[in-house]
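K.L.:
The lines below spell out each chain.
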Amino acid sequence: MTALDPAETYRQEAQELLEQLEQALLDLEHAPDDTDLIDSAFRALHTIKGSGAMFGFDAVAAFTHHVETAFDLVRKGKIAPSRELIAVALAAKDRMRLLIEQPDTVDTTPGDAILRDLEAIVAAPEAPIVPEAPSSAQAKPSATTWRVRFSLAKDAMAMGTNPLLLLDELRTLGVATIVARTDGVPPLEVMMPTDCHLAWDVVLTTGQPRSAIEDVFMFVIDDMELSIDPIDTTSDATRIGEILVDRGDVRQEAVDAAISSQVALGTLLVKSGHLTEDKLAAGLAEQQHIRVEASAAKGAAKAAGQGADSIRVPAERLDELMERVGELVIAQSRLTQVAAASGDMDVKSIAEEIERLALALRDTTMGVRTVPIGSLFGRFRRLVHDLAHELGKQIELVTIGEETELDKTVIERLNDPLIHLIRNAIDHGLETPEGREAAGKSPRGRITLSARHAGAEVLVSIVDDGRGLDRNRIQARAEEQGLLAPGVKLSDGELFQVLFQPGFSTAREVTSLSGRGVGMDVVKRTIEGLRGKIDIASTPGSGTEMALRLPLTLAIIDGLLVRVGTGRYVLPLSAVEECVELSVEEDARSRGRSFLNIRDDLVPFLRLRELFQASAPADRYQKVVIVSSGDLRVGLVVDQVIGNHQTVIKSLSKLHSGVETFSGATILGDGAVALILDIAHLVELGMAHESRLKAAG
Amino acid sequence: MSPWNGGRSLEVLTLGLEGEIFALEATYVREILDLTPITEVPNSEPFVNGLINVRGKVVPLADLRLKFGMEQKPPTIDTRIIVIEVAIDGNPAIVGIHADKVYEITQVAASALEETPRIGMRWRPDYIRCIGKRGADFIVVLDVERIFSMASSREEPPSAGYPSPQLSAA
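Protein chains in written order, with the working numbering: chain A, 1 to 697; chain B, 1 to 170.
Since the hints were made in silico from the structure, they are not lab data.
Hints may contain errors.
Simulated pairs of lysine to aspartate or glutamate, EDC-like, Cα-Cα distance not exceeding 16 Å [to be verified]:
id, chain 1, residue 1, chain 2, residue 2
1, B, Lys57, A, Asp319
2, A, Lys654, B, Asp89
3, B, Lys57, A, Glu327
The model shown is predicted, which means the values in this text are computed figures rather than measured ones.
Model the full structure from these sequences, guided by the hints.
P.N.:
Here's what the structure looks like:
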C-alpha cells in the first residue's frame, strides 16, 4: 500500500463527520431539546474545523468556524435550534462538503450568503420551536425496561399453545433477554412429558406500552401466572443483590448476610438455600440486560464513539481476501474429493478438519464484507427531507431493519435505484396534504423503507401510503405506446412490469423529479445486474410497494450442476423451479414444437445440446430443468442433473465478452472449470424461440 | 541497427507451433504449465474457445494455430500452456496460450533483430513484432498485444489507446 495522503484521510474522516452532522441536524428537527444531538453536531463541527486547519483546508476551517460558533451558542442554551437554524446548518453542511471536495473553489458568494443567514438567526432572539407532533414510528418513544415473568398452565401445550411463539412475539417488541427457569421441572419419574413445567423470565426493553406485552398473552392469560413490572435502568451499576431483592426472590437480610462474607454473592445465596440456581441465572441475565441497555444508551449518546473499536480497511483488500477464500474453498473441495478416494483415515480426518475451517473462514469473510443497510437508509433521510420541502408534501420516513446486513458492493450499487424509487414514491405515489385529507388519510404521507433476511436473500421494500397505481391508466398507456397488445388480461404483477419498459411514463406532467420515463428500466437493470428481482404490488387508494429481492453476496452462490454433452454447467439454484424428465415420446413429439406441458401450463424449452453444439451422444433420458426469470419460465434440456454445488463466481475475461449465454465461470471440485448460465438471457432466448414458433404456426 | 528496443538485446521464450519456431518476449510470461483439462466455451470465437484453471483462477486459453491458419492437431506429450500477462485494449489480463512445444528462454542480440519484412511472410505481418536471427534459423517474435486486442474487439486495427510497436521505422 502506498503512503497515506493525509488530505485523503481528512476527506474520508470529514465525510463521516458530515454525515454524523446531517443525522444530528435532522434528528434535532424532531427533538430540539436533545442535548446529546446538539453535542453531537457541535463535536462534528469542531473536528471538521480543527482537522481542516491542520491539513491545510483553510477555507473549510474558516467557514466551519462560524457555524461552530452558532452551535456553541445553542449548546449553551443561548439560542434555540430553530427550524430556520437547522435549514441554514444543512445548507452550511453542503457548503462544507463542497469546500472539502473542491478546495480550490474561489466563489465565496454562496458561503457568504449562508453565513449572513446564520448571523441573522443568531442575532435575533428566537422563540424555541415546538417540536413536530411526535409520530409513533419515527420519534423514538422513550423505551422502558420491563420484567416479565410467566409460567403457563400445565396443560397449555396440550391445548395447543406454543411457548416459543409467545417468546418470539415478545422479542419482536424490543430487546429481550430470555431465561427459562427449570426449577419447576419435577424428577424424571414423576414428570409428564406433555406438561409444561418451565417458567420464563424475560427482561424486555421496549418503546411499547404495558398493554402491548399483555396482548402477547391474550389467549392464555386466564390460566397462567404473569407479572409485568417496570425496571429502573437509569443506573448501569445495579448490583445482583439489589436485583434479586427487587425481584422478590430473596430477602434483604439474606443479601446483607451474604455480602458481609465477601464471596460471589449469587453462589452464596444458592448455597445457603435462599435461592435456586435458576432464579440466580435469571437474575444475572437481567443484570446483564440492564448493563447492555445502559451502555447502548451511552453508545447512542456519543455517536462519534461508534468507530472506536473498528479499523478502516481499503475495500480492495476485502475483495482480495474474498478471492483468496474462494480459492481456498475450491482447493479444499479438491482435497475432500482426493481424500474420499484414498481411503486413508488420517488424510480423511484432516480433509474434514480443513473443510470445516474453510467453510467457517468463508462465512466470516462474507460477514466482514457485509455492512448494515442502515448506512444506506440514513442517506435517504436528507433526500426525503428536501423533497418534502420542494414539493410541499408532508412526509414521514420510517425505516425498519436497518441492522440487516448485505454485501458492501450490493449496498453501494443499490444507492441509485433506491433514490429513484423513493423519488417516484414521493412524487407520484404520495398525494398533497389536501389530497390526502380529502381521501380521509392523515395529511402526512409515509414512506417506509424496510429490509429483512429471507433465506439466502434480502428483501428490501419501499412502501408508500399514497394513491396507489392506476391499473387502467397504465394499461391504456402501455397499449397506446405499443408495449402491450390491446385488451390482454394481465395480473397486477405482470402489468406493473410494464413500468420497467424503457420510455414508459404515465405522469400527467413532467416534473423536475420524475415523469420522464427515464430510469425505471435502469433501476430494473441494476437490480438484475445484482442478480436480484423487483416486483410491484399496489392497492388503489392505499399505496404501492416496490419489493426488491437481492442475493446476500455476489461472490458465492448455490448452484445446480448439470451436464450437457461432455460439458458441465452451473445454474443459479435460486432460478431453478423444478426438474422433470423428458419422456422419450414427448422428446420425439416435441421435435417440432418445443413446448412442454407442466401442469397444464405450456412452457417453451431450449435444447442446450443444440445451443451448445454438443457432439457427444445424447443420454437416452433427457432431463428438463425449469428455470424462471421474473414471471417467465423456460425449460432447459440437459443430459444429466448432477447436483448442488457451492459456486464461487469468477468473471469471464474480456475475450469472452461476446458470449452472452454465460454470466461467469466457476471451478469444480476436480479442478475443472464450469460455466455459469445466464438465466435472464436464456429465458429471453426461449421467449424469442417461442414467438418465432408462434409466428410460424 | 535495429531501430527499436533501444539497441538492447531481447529476452524471449521460444515455442513451437506446427514445426515453426515462434517467440514471445519473456516479460509477458508468467508461467508454463503442463496440459490441464480444458473447458470449452460454446459459441465463442474459435481462437479463444477454452477456459483453464490456473491455481484457482479461470483463465481463457487461446490457440494461436488458428490465427496462423494452422491445423489443430491433438495434444502430444510436449504440449504446454504458456500463461502470459498481456494488456487487452489497455486492461491487463491473464491468458493461456497453447504451444506444441516450449524450447527455452534465450537472448537475441539487438544486432540480430530485424523488422518484419513487408513481403514474403506467410503470417499476417501485424501479428509479428520482429524477426530474430539465430545461426541459420529465424525466430518469429509475436506481437501478443496486437493479437489479443484484435481478438477481443474483432476490429482492425487497435485504437491508439496504448503504444503499439512502430514497424516502419526511420
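K.L.:
Determine for every hint whether it applies to the structure shown.
P.N.:
Outcome of the hint check:
1. B/Lys57 to A/Asp319: It holds: about 14 Å lies between the C-alpha atoms, which stays within 16 Å.
2. A/Lys654 to B/Asp89: Holds, at roughly 9 Å.
3. B/Lys57 to A/Glu327: Distance of about 8 Å is within 16 Å: holds.
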